[in-house]
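Peer 1: Chain by chain, the residues:
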Amino acid sequence: MLRRRLNRLLGGDERRVDSRTIYVGHQPSPTEAFIPPKFCDNRIVSSKYTVWNFLPKNLFEQFRRIANFYFLIIFLVQVIVDTPTSPVTSGLPLFFVITVTAIKQGYEDWLRHKADNEVNKNLVTVLEDGHRMRKESEKIKVGDVVEVDEDETFPCDLILLQSTRDDDTCFVTTASLDGESNHKTHYTVPETEKDLESLNATIECEQPQPDLYKFVGRMYIYKNDPEPAIRSLGPENLLLKGATLKNTQKICGVAVYTGMETKMALNYQGKSQKRSAVEKSINAFLLVYLCILVSKALVCTTLKYVWQSKPGQDEPWYNQKTQREKDTNLYLKMFTDFLSFMVLFNFIIPVSMYVTVEMQKFLGSFFITWDRDFFDPEIQEGALVNTSDLNEELGQVEYVFTDKTGTLTQNNMEFIECCIDGFQYKYRDADTELDGFSVTDGPLSKMHEKAGKEREELFLRALCLCHTVQVKEPTGLCQDQQNNLMDSLEGLMVDGGPPPQEQRGFIASSPDEVALVKGAMRYGFTFLGLESKKMKIKNRNNDIEMYELLHVLNFDPVRRRMSVIVQTKSGDKLLFCKGADSSIFPRVRQEEVEKIRVHVERNATEGYRTLCVAYKKLSINEYASADEGLQAARLALQDREEKLMAVYNQVETGMTLIGATAVEDRLQEEAAETMEALQGAGIKVWVLTGDKMETAKSTCYACRLFQRGTELLELTVRTLEDGVRKREERLHELLLEYHKKAVQDAPPIKPSVSRGWSRANQDYGFIIDGASLSLVFNSLESNSSRYKNLFLQICQNCTTVLCCRMAPLQKAQIVKMVKNSKGSPITLSIGDGANDVSMILEAHVGIGIKGKEGRQAVRNSDYAIPKLKHLKKLLLGHGHLYYVRIAHLVQYFFYKNLCFILPQFLYQFFCGYSQQPLYDAAYLTMYNICFTSMPILAYSLLEQHICVELLLDNATLYRGIAKNAMLRWVPFLYWTVLGVFHGLLFFFGVRYLFGNPALQDNGQVFGNWSYGTIVFTVLVFTVTLKLALDTRHWTWINHFVIWGSLAFYVFFSFFWGGIIWPFLKQQRLYFVFANMLSSVSAWLVIILLILLSLLPDILLVVLRKPCGPHSRQRKAGESGAGGSQSPRSSARPLLMRTFSDESNTVA
Amino acid sequence: MMASGYNAKEEDGHHSGAPGNGGGAGAVKSKKPDNTAFKQQRLPAWQPILTAGTVLPAFFVIGLIFIPIGIGLFVTSNNIKEFEIDYTGVDASSPCYNCARNFSWNSTSSCTCSVPFTLEQPFESNVFMYYGLRYVKSRDDSQLNGDQTSLKSPSKECEPYRMSDGHPIAPCGAIANSLFNDTLELYYVVNNSKTPVTLVKKGIAWWTDKHVKFRNPGGNNNLTVAFQGTSKPVNWRTPVSELDPTDPENNGFINEDFIVWMRTAALPTFRKLYRIIQKKADLTPTLASGRYVLEVSYNYPVRSFDGRKRVILSTISWMGGKNPFLGIAYITVGSVCFFLGVVLLIIHHKYDNRNNSADIPN
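In order, the protein sequences belong to chains P and B.
Per numbering that gives the first Met the number 0, numbering of the first sequence is gapless, rising by one per residue and ending at 1146.
Per numbering that gives the first Met the number 0, numbering of the second sequence is gapless, rising by one per residue and ending at 361.
No lab work stands behind these hints, which were simulated from the structure alone.
Fair warning: this is a prediction, and the values are worked out from it, not measured in the lab.
You may find that some hints are simply not true.
[To be verified] Derived DMTMM-like pairs: lysine to aspartate or glutamate, alpha-carbon spacing no greater than 20 Å straight-line:
id: 1; chain 1: B; residue 1: K31; chain 2: P; residue 2: E377
id: 2; chain 1: P; residue 1: K1064; chain 2: B; residue 2: D146
id: 3; chain 1: B; residue 1: K201; chain 2: P; residue 2: D1000
id: 4; chain 1: P; residue 1: K1064; chain 2: B; residue 2: D246
id: 5; chain 1: P; residue 1: K134; chain 2: P; residue 2: E226
id: 6; chain 1: B; residue 1: K201; chain 2: B; residue 2: E158
id: 7; chain 1: P; residue 1: K183; chain 2: P; residue 2: E226
id: 8; chain 1: B; residue 1: K155; chain 2: P; residue 2: D17
id: 9; chain 1: B; residue 1: K31; chain 2: P; residue 2: D81
id: 10; chain 1: B; residue 1: K30; chain 2: P; residue 2: E146
id: 11; chain 1: B; residue 1: K231; chain 2: B; residue 2: D146
id: 12; chain 1: P; residue 1: K140; chain 2: P; residue 2: D81
id: 13; chain 1: B; residue 1: K80; chain 2: P; residue 2: D194
[Said to hold, decoys possible] A few chain P residues that face chain B, going by a derived Cβ cut-off under 7 Å, partial list only:
id: 14; residue: L362
id: 15; residue: G1006
id: 16; residue: R1031
id: 17; residue: L1099
[Unchecked claim] DEER-style ranges, computed between Cβ atoms:
id: 18; chain 1: P; residue 1: V87; chain 2: B; residue 2: V74; range: 30 to 40 Å
id: 19; chain 1: B; residue 1: M162; chain 2: P; residue 2: W1060; range: 22 to 32 Å
id: 20; chain 1: B; residue 1: T148; chain 2: P; residue 2: T368; range: 54 to 64 Å
id: 21; chain 1: B; residue 1: T197; chain 2: P; residue 2: K332; range: 45 to 55 Å
id: 22; chain 1: B; residue 1: T148; chain 2: P; residue 2: H1038; range: 45 to 55 Å
id: 23; chain 1: B; residue 1: V74; chain 2: P; residue 2: L1076; range: 19 to 29 Å
id: 24; chain 1: B; residue 1: T197; chain 2: P; residue 2: K325; range: 25 to 35 Å
id: 25; chain 1: P; residue 1: V87; chain 2: B; residue 2: N97; range: 31 to 41 Å
id: 26; chain 1: B; residue 1: K279; chain 2: P; residue 2: M333; range: 56 to 66 Å
id: 27; chain 1: B; residue 1: S109; chain 2: P; residue 2: I65; range: 26 to 36 Å
id: 28; chain 1: P; residue 1: L983; chain 2: B; residue 2: V74; range: 51 to 61 Å
id: 29; chain 1: B; residue 1: I64; chain 2: P; residue 2: L983; range: 41 to 51 Å
id: 30; chain 1: B; residue 1: S109; chain 2: P; residue 2: L1076; range: 38 to 48 Å
id: 31; chain 1: B; residue 1: H166; chain 2: P; residue 2: V87; range: 31 to 41 Å
All residues carry an ideal CB built from backbone N, CA and C; glycine is no exception.
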């Protein structure tokens, strides 16, 4: 961005601002002087640091965190000002934190570098002065002529110059850009020379911009004539980086946009560091504690000077001031004192919390990588964690934005069944394939016989003829390669399995058509191809039938059907039509409709894509008039579309319905179950897809995102172009109407339980398409925010929202809108293609699926999983646990530091505000690092308060922690109160004991360090045992670490007090601990205080426990209830299961 | 005490797959994560569940243990005899009034005063004599440990009591400087004649302090030489080598009074062990009831900061000096636990019944 802006600024005077000129093959144009223009290279950079800027940049980033910055300040204060504790006490932990974080971030950036290099170092072929050179992708310059082979992705944005296909076209799939996996045709620049070497041309085109579907340019071809020939360039000439060449052996193109200026890269969004909501909570708590700290220091400073103002207290005879002290300004002294108090109390802000949180996140994320449930045997990979900062966010997701193609569906269309004349035909398995057709033994077939053979064949012929499918031409490769090609195609077409002779590549603009042709092929009718207007079909008897294709009445989304008119050998002219039921039924004889409608509706509710097939025999007159009408309309210069439409509508009437088909866009494994679990967990699922609305809608039905009873609110081009009114008005009207329906009239939603399953509540589904969305977003300034608001409110009241025909950036826009809406809900985006990258980056948590469409989504995601089904465990299992762990970790940390430092604060009231530390420096430093850090770390890595299986079975448990439940102010208050209570108890408990400091049986007395040590011992034990009380899952590690920490504390204290340490200036603790243990009173008070501190907690646990077993029962009950729901929910799963089983056998 | 489910969810079902996998694939290195209990978060774990039922006995047990301990502590503490004499001299009627008024830390001669008091009850066992003060960071422990270099150049922390007239102060620092230097003597008065009570000054400091932590520079021989070139603390009368003229082993840094003083008190109102009155061999009480006189040589001024000075005579038990706090606390906590136990029992029973009755209709 910056560079572009800079370019614009700098290059403003030299070049026209809004266009760039490219010299094809770097050949100077004869007319203008050749100035080699400067463009960015073809390097893709997603990493943040380089070796050189890592240290300063990373340090800067880290100290931008308030906590780190705060500790730096404290450290500096300790270095500069004479303070009661040594700088080491805060310097060491800070250094540790910074180093650990830097190592972690460095490692993560190294991974990104590696991934970038994979793309940048990829070898491509570049034509230079007639030689073919292999070059690394990153070295491509604008103007280079690049050669791309079949199935390779384009390394940068290219203008197509040459194709090996005869018709100067090439096929491209942009699946990784916009999710559309069909083949798109792109054209070479017309009338360019075949010999690229001698081509001398320049291209003038617009500056890079992110819209994938827009491109404007001109090409000047210099031949011998003085005036260059001008060709206009459009998006059909532009091959986008990231797209893949299909069905074309080889193309050549000239690079126009490279590297970060390609449309794909521009559709990326800047990588901004994602912060988790937990971190925001931490920061909020930190501020609270900072306030407590400052006020404590202020109180102490004030009281100190109040106390000292009393005569005799300021400068007693035994402690006179030094000359320097006398000289310093009073206010400066006060300030220094304030700083000293700050330093003394600074431990209240737990420096080590950040290390522990970092470590917890870093180590914790390994559990995701290690999880065998995420391992996919197909790709031999498990889950991948790119950022460990967001683990807990997985437990907080409120909105899931999912891509459709490749995420919800496998993007494999499969012919499932058909119905002819009301008889259901279901393709079953290989055995019955010999019979060709089999009738299912379902109830329907029990009642009826098969349809007449004639009808059957008519139906199949219709399937074979009524389409625009092309047969993939055999390339001149040897058999092996061909097979490989076929294999790679299979992914896109129909999944493999049939014997080799049946292996046939089909290319079509819609995968449904391929599925239908394939379906017909299974039943014995094979489409062999179109040759000079003749369609060849091999029928069941292996005879070749030839049909002359007279007209194709193209598909369009308004008509929602397409037809062909063919002439049989015998000269009959037939019209075959297929289309959506709603558009076919009115146009056929009504008596046939009913029996087929039953099937169609049943299929539709099962989530299949249904099409009805009809035919009509055209009389000679009819055909003549139709032919005439069509010819005339095609030649019309004005209103061509309308005229064509009129003819189409006229021709497609009075047809005979033959049957219907059901095609399945196969869902990912367990897609429906996953979606159901997500909805059960209170997560709203939005489907954002670049695909067509019909397709997307049926997928939603199949995933059970839309239920039978869901009322769909549609806001699409179709509904908008209803009347004569302007779109905007209609939009306004519709929005208001839907808002009334979904928001105002809806009963107030009970926040927790009822959602999702309540049948009484009308479920709403909302459908919007890209065009309408941009209307919502881009309408007049005043209306825009209002529309947006209405739109958002409607969406939030719908169970599912489907957004189709979305450009990548629009997806991000939607995510952003929801993200910034009231309550700033946590969003998660999941997708598998480059078109999802922007939304993956935009959402709080981005999840990439290791799909077929390249690795871009995976690279830019925070987590990558092999399959959609893994999302369930990732959120409900791992996410839940991580959240509980880290929330407890954070609260516990604040708590343990509060009750650590509170006695220190209270002690100031008893030592004349002299900043005398209560604890020894060793204890101050070690408390957070050694004595109490390991148990909480172990807890935060291993705790499973509810076991994973139970979490997965009861999706509702996820709602219990929604909205950051464990880090809200109420639990924070509880922990704070607990900390204060403990702190007070420790201090005053020991203080009353020290009412008489003669605590040993030999009459000797204890001093201040004994006091501190007793308080500290109680503290360490209480804090550790408090954690032990909270631990629900005791593995041996927990045992080891908890008891080990306590043992270590005792051992350390003995050791520390047992030796005169030569490097220490003060031997404060010499034998203090041992002497303490020799006093019975000390023992008794320690035991008493620990018990008393834990008593409220035990009570709380026990008193909450009446719901304890209860809740367990309820859990059991819930799972029982889940069982009772399952008839309803499993009614369809059962069906789904049957056909998914079947589809497996078919394959 | 806790209902616990021991949950060994070890890789029960997974075992069958893994070996076949490994054997079949041979050397093919799979990226498949290891199937260890740890990595799969399936470590066997003890999952304790605290319920009213399980915690109940604990409460009763705690109650039953704490109450007797508390009673024992309370009784012990009550049996400890303690007698306290405040000799600060704040009131005009007090015998030390004059001393307190006129004395300041730089007076050359000491001021003496006698405080008469009567013990109503005899003190039977060893009697410990404490002085109490009400009113802490400046010292150099390596100097006190006999370190030669520190002796000559004390730590900066000793400021402003580090150097005096160009000589290093030994012992340096404000704490040492403010050493409690009243001398207390106790006399038993029988028929107006005063019999001195023997006060033992050995064993008032921690053994480790006396023998390890505090060391004289250059051993114990000839302290005057050892401390040559140092200066006495500003407010001291005598140099550190002459603290105890009666016992040469009790001089320098290892003077027990000094050591006791250097173990700084925790709270502003504190007591420190001054002398021990040993129990006599015969059966007569250590301190019989009757009249006594406390002779104070008043050296330590506290009026400037509103301080108080006391002398406490106390016997000692296994729990230390007299302090009813622990006993009361134990009795209270014990009773609270017992009470809670009863409450929980009731809740537990009620809940159980309700639970049972609720179960029946199902």
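Peer 1: Confirm or reject each hint.
Peer 2: Verification of the hints:
1. A threshold of 20 Å between alpha carbons decides the hint, and for K31/B with E377/P the separation of about 11 Å falls inside it, so the pair holds.
2. The suggested pairing of K1064/P with D146/B holds, with an alpha-carbon distance near 11 Å, which does not exceed 20 Å.
3. As the CA atoms of K201/B and D1000/P are separated by approximately 15 Å, the hinted pair is consistent with the 20 Å bound.
4. Taking the CA atoms of K1064/P and D246/B, the gap is near 30 Å; set against the 20 Å cutoff, the hint is violated.
5. Proximity of K134/P to E226/P is assessed by CA-CA distance (about 35 Å); at most 20 Å being required, the pair is judged violated.
6. Annotation: proposed proximity of K201/B to E158/B is violated, straight-line Cα distance about 31 Å (limit 20 Å).
7. Of the pairs offered as hints, the one joining K183/P and E226/P is violated, with about 34 Å between alpha carbons and a cut-off of 20 Å exceeded.
8. A C-alpha spacing of about 72 Å is found between K155/B and D17/P, which places the hinted pair above 20 Å, so the restraint is violated.
9. Under the criterion of a C-alpha separation no larger than 20 Å, the hint pairing K31/B with D81/P is inconsistent with the structure, at around 57 Å.
10. Taking the CA atoms of K30/B and E146/P, the gap is about 35 Å. The hint is violated against a cut of 20 Å.
11. For the proposed pair K231/B and D146/B, the alpha carbon gap of about 17 Å is at most 20 Å, so the pair holds.
12. Straight-line distance between C-alpha atoms of K140/P and D81/P comes to about 61 Å, which puts the hinted pair past the 20 Å bound.
13. Of the pairs offered as hints, the one joining K80/B and D194/P is violated, with about 118 Å between alpha carbons and a cut-off of 20 Å exceeded.
14. Interface hint at L362/P: violated, since its Cβ lies 12 Å from the closest Cβ of chain B, which is beyond the 7 Å cut-off.
15. For G1006/P, the shortest C-beta to C-beta distance to chain B is roughly 4 Å, which falls under 7 Å, so the interface hint holds.
16. Nearest Cβ of chain B to the Cβ of R1031/P: about 6 Å, under the 7 Å cut. The hint holds.
17. About 10 Å separates the beta-carbon of L1099/P from the nearest beta-carbon of chain B, more than 7 Å, and the hint is not met.
18. A hinted range of 30 to 40 Å for the beta carbons of V87/P and V74/B is inconsistent with their spacing of about 49 Å.
19. A hinted range of 22 to 32 Å for the beta carbons of M162/B and W1060/P is consistent with their spacing of about 26 Å.
20. The hinted range of 54 to 64 Å is satisfied by T148/B and T368/P, whose Cβ atoms lie roughly 57 Å apart.
21. In this structure, T197/B and K332/P meet the distance hint of 45 to 55 Å, their C-beta atoms being roughly 50 Å apart.
22. T148/B and H1038/P have their C-beta atoms about 48 Å apart, which keeps the hinted 45 to 55 Å range intact.
23. V74/B and L1076/P have their C-beta atoms about 24 Å apart, which keeps the hinted 19 to 29 Å range intact.
24. Checking the proposed 25 to 35 Å range against T197/B and K325/P shows it is violated: the Cβ atoms sit about 47 Å from each other.
25. Judged by the Cβ atoms, the range 31 to 41 Å given for V87/P and N97/B is violated: they are separated by roughly 52 Å.
26. For K279/B and M333/P, the Cβ-Cβ distance of about 58 Å falls inside the hinted range of 56 to 66 Å, so the restraint holds.
27. Between S109/B and I65/P the beta carbons are some 60 Å apart, a value that contradicts the proposed interval 26 to 36 Å.
28. For L983/P and V74/B, the hinted distance range of 51 to 61 Å is not satisfied, since their beta carbons lie about 29 Å from each other.
29. Distance hint check for I64/B and L983/P: the Cβ-Cβ separation is about 25 Å, which falls outside the suggested range of 41 to 51 Å.
30. Distance hint check for S109/B and L1076/P: the Cβ-Cβ separation is about 41 Å, which falls inside the suggested range of 38 to 48 Å.
31. Taking 31 to 41 Å as the suggested C-beta distance range, the pair H166/B and V87/P conforms, at roughly 33 Å.
Violated hints, listed in ascending order, are 4, 5, 6, 7, 8, 9, 10, 12, 13, 14, 17, 18, 24, 25, 27, 28, 29; each of the other numbered hints is respected by the structure.
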